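Novice: Sequence:
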Amino acid sequence: MPSVPTRGGDVAYRVKGKGQPIVLLHATLHDSRDYEVIADRLAEKYRTISVDWPWHGDSKGTPSKERLSAVGFADVLEDVVEGLKLEPAIFIGNSVGGFAAARLAITQPDKVRGLVLVNAGGFVTWTPFTRLVARLLGFASISRLVMPHLVGRYMSPQTSHDEDITRRVTTRARTEEGASVVAALWRSFLDPRHDLRSRAESIKAPVLLVWGTRDPVFSRTAAEETKLCIAGAKLEFLDAGHVVFSSMPTEFQRLVQLFIESIVEE
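At position 244 of the sequence shown (counting the first as 1) the number is 244 in UniProt numbering, and the numbers step up by one without a gap.
No lab work stands behind these hints, which were simulated from the structure alone. Warning: the hint list may mix true and false statements.
Below, a list of computed lysine-lysine pairs in the DSSO-like style, where the Cα atoms sit at most 27 Å apart [unchecked claim]:
#1 LYS111 <-> LYS60
#2 LYS204 <-> LYS111
#3 LYS65 <-> LYS18
#4 LYS111 <-> LYS227
#5 LYS111 <-> LYS18
#6 LYS18 <-> LYS227
#7 LYS45 <-> LYS16
#8 LYS85 <-> LYS60
#9 LYS234 <-> LYS45
#10 LYS111 <-> LYS45
#11 LYS204 <-> LYS227
#12 LYS111 <-> LYS85
#13 LYS234 <-> LYS111
#14 LYS45 <-> LYS65
#15 LYS45 <-> LYS204
#16 LYS45 <-> LYS85
#17 LYS16 <-> LYS85
Per label pair, the in silico range of CB-to-CB distance [unchecked claim]:
#18 SER160 <-> THR107: 35 to 45 Å
#19 ILE263 <-> THR130: 30 to 40 Å
#20 SER262 <-> ARG168: 15 to 25 Å
#21 THR171 <-> SER141: 13 to 23 Å
#22 PHE129 <-> GLU176: 23 to 33 Å
#23 SER3 <-> PHE129: 35 to 45 Å
Quick caveat, the model's predicted, so the values are computed rather than measured. Cβ coordinates follow ideal geometry from the N, Cα and C atoms, glycine included.
Build out the structure end to end from the sequences listed, making use of the hints.
Specialist: And the structure:
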């Protein structure tokens, strides 16, 4: 796989197709393979770029892990966009990938033609309970015990591809390295810079929210909160878990295709 240098180390990526660039960003402990079921379909019309975050997939990351956080990944995305010399792109971001894409739309709006946020973070109210959960999962020893069980719940597998993702992520969550990675990400969600609500008005690009209703971590309420924050955002619910595009690829692609066409034809 080719790679591009970033503040978080060399980031691996896959490119398919030609035309309008579409950048695919995955969730914590996942990797770019999550998007395999839709990348080929999108590549029939567009230049599709699937990215592995640092310390994920084929991206190694730096030894210090200084950028191992949601905000750090958002910084890395800025470097990826600059390193690949991308024209304004459409970003499809799942979970922490959605946060990074949304922050890019705030900090570098000229780089973002459209956003598809899939069960994404950055726009929800943190309650005392959810803060406690994040703090606890911020300990690698606790994450290593809890995450292997949580993965199956938030994935809510419906397809063989879902099951492959669940096995892959669960296996990594049981390792010392995987637990360290996921704990660092959970700690970072409590960083005030992870809260984009006060800056959401700066998002001028068209936004489509696609939300899986079976996800207990990013609930329907989180989707509605996110929609309220982002002026003009369109919200679509699908009967799926956290990785909607894997569970319901045909339905997801239909929604995204209509969204892309509405932007490209403007």
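Novice: Report the numbers of all earlier hints that the structure fails to satisfy, in ascending order.
Specialist: Of the numbered hints, 3, 6, 14 and 20 do not hold.
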